[in-house]
Amino acid sequence: MHFSVAFTTLTALAMGVAADPNSKPPPNANVISARIWGDSDCGAKNNDHNLGEVTLHGSDDGKCSKFFDDDVKSVKQYEHDYNCKLVLYSDKNCKRGKKDIKDGQCRATSSHFGSYKVECK
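Numbered by mature numbering (1 follows the signal peptide of the UniProt record, and there is no 0), the letters in the sequence shown go through residues -19 to -1, 1 to 102 in order.
Check each hint, because a few of them may be wrong.
Quick list of in silico lysine-lysine cross-link-like pairs, DSBU-like style, CA-CA up to 30 Å [stated by the list, open to error]: (1) K44 - K83; (2) K76 - K57; (3) K76 - K54; (4) K47 - K26; (5) K44 - K73; (6) K47 - K76; (7) K66 - K80; (8) K79 - K54; (9) K47 - K102; (10) K73 - K54; (11) K26 - K5; (12) K66 - K5; (13) K26 - K80; (14) K102 - K26; (15) K47 - K98; (16) K79 - K102; (17) K98 - K80; (18) K26 - K57; (19) K66 - K44; (20) K5 - K80; (21) K73 - K98; (22) K57 - K5; (23) K73 - K5; (24) K44 - K57; (25) K54 - K83; (26) K54 - K102; (27) K44 - K98; (28) K5 - K47; (29) K66 - K98; (30) K26 - K66; (31) K79 - K26; (32) K5 - K102; (33) K44 - K54; (34) K57 - K83; (35) K102 - K80; (36) K54 - K98.
I should point out that these hints are in silico values taken from the structure, not numbers from a laboratory.
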């Protein structure tokens, strides 16, 4: 009798921990999928200036990353997971010009984006 109660309690606790929306993502989980562009409209006119994809993982949480050059003028986020968000910055150190972005949104800047990071709650 005690075994079944203990087993049921432990199972419920384990399921509750796994279902916690505030838990941090696993290090290798994909948390952000986005594409970067060298023009201000995310390639809407003729798909020119496609600079590639950005896929961020749970292990990237809170880390500032620099864009490889000063050509990134817009970013389109396709999806996010684990309550994480992509944050874009105008400088190379994730300090100035902070811009949030949502799924399906094209976030543009008049100059360029210099750095980015993922923030997971």
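Verification of the supplied hints:
A C-alpha spacing of about 19 Å is found between K44 and K83, which places the hinted pair at or below 30 Å, so the restraint holds. Annotation: proposed proximity of K76 to K57 holds, straight-line Cα distance about 21 Å (limit 30 Å). Proposed proximity of K76 and K54 is supported: the alpha carbons are some 18 Å apart, at most 30 Å. A hinted pair counts as satisfied when its Cα atoms are at most 30 Å apart, and K47 with K26 qualifies at roughly 27 Å.
For the proposed pair K44 and K73, the alpha carbon gap of about 12 Å is at most 30 Å, so the pair holds. For the given pair, K47 sits about 12 Å from K76 by alpha-carbon distance, which is consistent with the 30 Å threshold. With a CA separation close to 11 Å, the supplied pair K66 and K80 stays within the 30 Å bound. Under the criterion of a C-alpha separation no larger than 30 Å, the hint pairing K79 with K54 is consistent with the structure, at around 14 Å.
Note on K47 and K102: the hinted pairing holds, with a Cα-Cα distance of about 22 Å set against a maximum of 30 Å. With a C-alpha separation of about 14 Å, the suggested pairing of K73 with K54 holds against the 30 Å cut-off. Our distance criterion of 30 Å between C-alpha atoms is broken by K26 and K5, whose separation comes to about 38 Å. Restraint check: the Cα-Cα separation between K66 and K5 comes to about 13 Å, which is no more than 30 Å; the hinted pair holds.
Only pairs whose Cα atoms come within 30 Å are accepted, and K26 paired with K80 is accepted, the gap being roughly 23 Å. Restraint check: the Cα-Cα separation between K102 and K26 comes to about 35 Å, which exceeds 30 Å; the hinted pair is violated. Between K47 and K98, the direct Cα distance comes to roughly 9 Å. Compliance with the 30 Å bound is thereby established for this hinted pair. With a C-alpha separation of about 17 Å, the suggested pair K79 and K102 falls inside the 30 Å cut-off, and the hint holds.
Proximity of K98 to K80 is assessed by CA-CA distance (about 11 Å); at most 30 Å being required, the pair is judged to hold. Proximity of K26 to K57 is assessed by CA-CA distance (about 14 Å); at most 30 Å being required, the pair is judged to hold. Our distance criterion of 30 Å between C-alpha atoms is met by K66 and K44, whose separation comes to about 13 Å. Taking the CA atoms of K5 and K80, the gap is near 22 Å; set against the 30 Å cutoff, the hint holds.
For a cut-off of 30 Å, the pair hint linking K73 to K98 stands: about 11 Å separates their Cα positions. Restraint check: the Cα-Cα separation between K57 and K5 comes to about 24 Å, which is no more than 30 Å; the hinted pair holds. Taking the CA atoms of K73 and K5, the gap is near 26 Å; set against the 30 Å cutoff, the hint holds. Note on K44 and K57: the hinted pairing holds, with a Cα-Cα distance of about 20 Å set against a maximum of 30 Å.
Of the pairs offered as hints, the one joining K54 and K83 holds, with about 16 Å between alpha carbons and a cut-off of 30 Å not exceeded. This hinted pair checks out: K54 and K102 have alpha carbons roughly 27 Å apart, not beyond 30 Å. Only pairs whose Cα atoms come within 30 Å are accepted, and K44 paired with K98 is accepted, the gap being roughly 6 Å. For the given pair, K5 sits about 23 Å from K47 by alpha-carbon distance, which is consistent with the 30 Å threshold.
The hinted pair formed by K66 and K98 meets the criterion: a straight-line CA distance of about 8 Å does not exceed 30 Å. Only pairs whose Cα atoms come within 30 Å are accepted, and K26 paired with K66 is accepted, the gap being roughly 27 Å. Only pairs whose Cα atoms come within 30 Å are accepted, and K79 paired with K26 is accepted, the gap being roughly 26 Å. A threshold of 30 Å between alpha carbons decides the hint, and for K5 with K102 the separation of about 7 Å falls inside it, so the pair holds.
With a C-alpha separation of about 21 Å, the suggested pairing of K44 with K54 holds against the 30 Å cut-off. Proposed proximity of K57 and K83 is supported: the alpha carbons are some 8 Å apart, at most 30 Å. A threshold of 30 Å between alpha carbons decides the hint, and for K102 with K80 the separation of about 17 Å falls inside it, so the pair holds. Distance restraint check for K54 and K98: the Cα-Cα separation of roughly 16 Å lies within the 30 Å cut-off, and the hinted pair is therefore satisfied.
The structure is inconsistent with the numbered hints 11 and 14, although it conforms to all the rest.
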